[in-house]
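Visitor: For the record, the sequence lines run as chains A and B.
For the record, in the first sequence the residue sitting at position 9 is 9 according to the numbering used here, with numbers rising by one throughout.
For the record, in the second sequence the residue sitting at position 444 is 1444 according to the numbering used here, with numbers rising by one throughout.
Please note: incorrect hints may appear among the correct ones.
Listed next, the in silico EDC-like pairs over lysine to aspartate or glutamate satisfying Cα-Cα at most 16 Å (straight line) [as the list claims (entries may be wrong)]:
1) 1384(B) - 237(A)
2) 1384(B) - 236(A)
3) 1243(B) - 1297(B)
4) 1025(B) - 1308(B)
5) 1161(B) - 1147(B)
6) 1281(B) - 237(A)
7) 1286(B) - 1218(B)
Quick look at which bits of chain A chain B covers, simulated, 3 or more residues with Cβ under 8 Å [what the hints assert, rightly or not]:
8) 68 to 78
9) 140 to 147
10) 174 to 186
If you want the ones that stay clear, here's a sample from chain B, every Cβ over 10 Å from chain A, calculated [claimed, not checked]:
11) 1094
12) 1102
13) 1145
14) 1151
15) 1293
16) 1402
17) 1406
Honestly, the hints are just simulated from the structure, not real lab data.
Heads up, the beta-carbon is just placed ideally off N, CA and C, and yes, glycines get one too.
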Amino acid sequence: MPIISPAAFAPPPPRLAPALREQVRRLERAHSTQRAGRSAVPLGLAEIDAVLPDGGLLTGALHEIEAGPTPSGRVAPHDGAALGFAATMLGRFTPGTILWCRQPSLGGDAIPYAPALAAWFDPARLLMVTVRREEDLFWAMEEGLRTPGIAAVLGETRAADPTAGRRLSLAAEKNGVPALLLRPQPAPPQSVCTTRWRVASAPSYGAARWQIELRRNRFGTPSSEEMPSWLVEWNDETHHLAVVPQARPGSTGTYWTERLAG
Amino acid sequence: MRLADARALVPDLVTTAVEPEADRKLIEGVAGWCDRYTPWVAIDPLGAALAEEGAAQVCSAGGFGGDAGLLLDVTGCGHLYGRDDTGERALMADLVQRLARHDFTCRAAMADTAGAAWALARYGEKQADLFCPRNGQRDALASLPVDGLRLDPPILETFLKLGLRRIGDLYPLPRAPLSRRFGDQPLLRLDQALGRVDEPIEPRRTPPAFRSRISFAEPIGRPEDIAAATSRLLAALCSQFEKASVGARKLEISLYRVDGSVDRTAIGTSRPNRDNPKLMKLFGEKLGELDPGFGVELMILSAPEVEEWTGAQDHLPETGTPAKSSWHEDGTIDLADRLALRLGAENVVRLAPHDSHLPDRVQGHVSLATPVPEGAWARLASMKGTRPTRLLQRPEQVNVTALLPDDPPRQFQWHRHTHRIVKVEGPERIADEWWRPRPSGKVMPANIVPPARDYYRVEDDDGGRFWLFRDGSLNSAKWYLHGFCA
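Produce the complete structure using the sequences and hints provided.
Guide: Written as C-alpha cells, this is what we have:
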C-alpha cells in the first residue's frame, strides 16, 4: 500500500503556479484552434486587444460583463458603465440584428435607453425581448443564437445558472454568434465564459471613465498581471473610446480625494 | 310569492339557487360547441339583456335558465349535410340529436329570418312546422301567439287586452295607427320576423374569412395524429390564401372533443404568412398544450386575421441603393414570431424613435414588421444632449440638498445612501409639451406656464453618474432620479 505523504495535499510551491498556468493555457489554446469558423473581432483598444485571443473578442463564445464595485468598495448603485461597455462590444458585431433579452427587476425598472445606445450602434437593429422567468431568458437567448441573421445576443440577468451558461456557450460556439451576459452585480464565477469583464464607473475627468478588469481570459495571451485592468475614457460627444495610458488602478481615487480635500 | 309561502303550500317543493354566472358559462360553452356548424354563432341578445337586469327578473323571465337561446347563421352551411332543403333539415336534426346525447333538451327552429326562427323555436307547436321553408315565414308565424314577436312586456299586455293574440292578427292592421299608438317596436319586430327589414346579429366571435375543417370517423387522440391533421388543414388553408393572395397574421386551431367541449389554441405571426412549413413549426410548439381529452372528432383551423400578401415585395429596395439584409430576409422575423409565441407579442418589440422632447416619450415600441428608418436614432441622438444609458421607467423622487433653490444639487439621497455630488452638468431645460392633451383630456390653457424640467447630469464622489431633474416651480420644486449614465 503506497504511503501518501501529507505534503502531497499541501498547496504547490508558489514558483510552480505560473508554469502550471502557462501549461493550462497552452492546452486551452490547442483546444481553441480545433474549433471551426472561429474568428475574433477587435475591440478597437490596442492595449486590450493585445491580450485577447486572436487580437479581439471571439465570435462564437460567451462573454460576461458585470458591474463592479465602486472605487471605494461599495456595491455599484447601477450598471450604467457596464451597459456602456457591453454596448461597445455589441457595436463591433455587424451586420445583423441584436437580440437583447431582459428580465425586468421588480420596482424601479430601468430600461436600456436607445438615444444613448445610438452612440455605439443603431438601436433600430435591436430586437427587445422582455421575459418574466429566468428559464425563458436563457431559452430566448439560445433561440437567438441558433437563428441566422443575428449578429449578437445579450442577456441581462442576475441569475448565475452554470448549466444555462454552459448551454449558451455551446450554442454560441456551434453557431459562431457571440453571447453576452450583462450582470448588474458580480456573480460567483462558475460559467464557462471565454472572457469575464468587471466594469465600474470611475471618477471622470471631462469624459466618462470606466475601470475595466479582465477577470477571465480563456484562450488569451497571458499578461504580466493575473487580472489585467485598464482605465478607459469614453467621450460621448466624439464617440471616442481610449485607454488612459498613465493611469494605474487605485491612483485615480487618491487624485479625487486630494481634489475634494483641497 | 315568497319562497316560504310556496313551501307552505307545497311542502316537498324542490328549490335550486339561481346561478346566472354558471348559466352564462354553460351557454357560452354550448355556443362554442356550435362553431362546428357555422362560425356565425350568437347568444340570443334578448336573453342576454334580460339576464343583465338582475336575478329577480331572470327568475320571472326565464333568462338563461329556461329561455336561453343561440342564434346560428347557417347560410351556405347546409350543403355539408345534403342538397338544398334536405341539407338544412339534416343539419338541424344532427344538432338536436347531438345535443340530446349530451343531455340537453333543446328546441330548434330554422327560418329565413332570426325573428321567425326565434318565434318558432319558442312557440311553434307541431314538430313538422319548426322548419320554415324559404319565404314561408308569413304563413308559419300567423298562428303563433304575439309573445313570439319579442315585444316589451307593457306592449304585450296591451295587445292581449285588445284581443290581438296571434301574430296573424297584426297582418291586416293599418301600420300608421299601430306605430302611433305603440311606437316603432311592434312594426319593427314584425318586419324583422317577416324579412322586410334586416336584423343585424353580432356573432359571439368574429367569423374568420378563411377556415378549413376535418372530421374523423373515429375520434383521434394521439399527438402525432393531431399534428398530421393540422398539417393537412394547414395545406388546405394555405392554398386558400394563395388564391385570395393574402397571408395569415393569426391562426386558430379548435379541437372538438367527443365529450362536447372545445379546446383552442392560436398562433400569431408578425407579418402575413402562408409558408406552410414555417407555420407548422410555429404550431409544433403549441400543439403539445392541447388536450385531446377522450378523443377528438372534429378539427377546425381558421384564420381570424389575414392581411394582404406582401411577401413578393420584400426584396424590392425602396430607394435606388441595393437593399441591405432586411429583417424579412434573414431569420429575425421568424425568430421574433417564435419568441412572441411563448413570451407574448407585447414582450417582443423593436424600438422606434418618437417625435418628442420628453425623454420618457422618445423611446417607443413598434411592431416587428414596421420598418425603422436607418439612422433615425442617430439623428435624434445628435440633436439631444447627453442621455443616460438606462432610463427609469418611473422617475424616483429623491431628497436633494442644494445651496439655493436655484442652485445645482450638492447631494442626494437614494436607496438609503447619501451621494455627495462632485460634478454637475446642466441644467438642460425640457419643457412640457403643452400642445398635447393632458391625461384628463384637456389641453392646458394658454395662460398657464406648464411645468418644465431642469435636468442635471451629476457625478458622485464614488464615480457613479446619474441623471436628475427638478420638477415644478422653484418654491415647490421636487427632485427626481430619472436615469443612470455610462
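Visitor: Confirm or reject each hint.
Guide: So, going through the hints one by one against the coordinates:
1. 1384(B) - 237(A): Judged against 16 Å, a Cα distance of about 11 Å means the pair holds.
2. 1384(B) - 236(A): Holds, because 12 Å separates the two Cα atoms, which is no more than 16 Å.
3. 1243(B) - 1297(B): Distance ~29 Å between residue 1243(B) and residue 1297(B) Cα, so the pair is violated.
4. 1025(B) - 1308(B): Roughly 36 Å separates the two Cα atoms, so the pair is violated.
5. 1161(B) - 1147(B): Satisfied, since the Cα-Cα distance of roughly 13 Å is no more than 16 Å.
6. 1281(B) - 237(A): Distance of about 46 Å is beyond 16 Å: violated.
7. 1286(B) - 1218(B): 24 Å, violated
8. 68 to 78: The restraint on the region 68 to 78 of chain A holds, since 7 of its residues have a Cβ under 8 Å from chain B and three suffice.
9. 140 to 147: Holds, because 4 residues of the region 140 to 147 of chain A bring their Cβ atoms closer than 8 Å to Cβ atoms of chain B.
10. 174 to 186: It is violated: at least three residues are needed, and the region 174 to 186 of chain A offers just 0 whose Cβ sits closer than 8 Å to chain B.
11. 1094: 45 Å, holds
12. 1102: Since the minimum Cβ distance to chain A is about 39 Å, residue 1102(B) lies beyond 10 Å and the statement holds.
13. 1145: Residue 1145(B) clear of chain A: closest Cβ-Cβ about 58 Å, beyond 10 Å.
14. 1151: Given that every Cβ of chain A is farther than 10 Å from that of residue 1151(B), nearest at about 53 Å, it holds.
15. 1293: The claim stands: residue 1293(B) keeps its Cβ more than 10 Å from every Cβ of chain A (closest is about 28 Å).
16. 1402: 18 Å, holds
17. 1406: Its Cβ never comes within 10 Å of chain A, the nearest being 24 Å, so this holds.
Of the numbered hints listed earlier, those contradicted by the structure are 3, 4, 6, 7 and 10.
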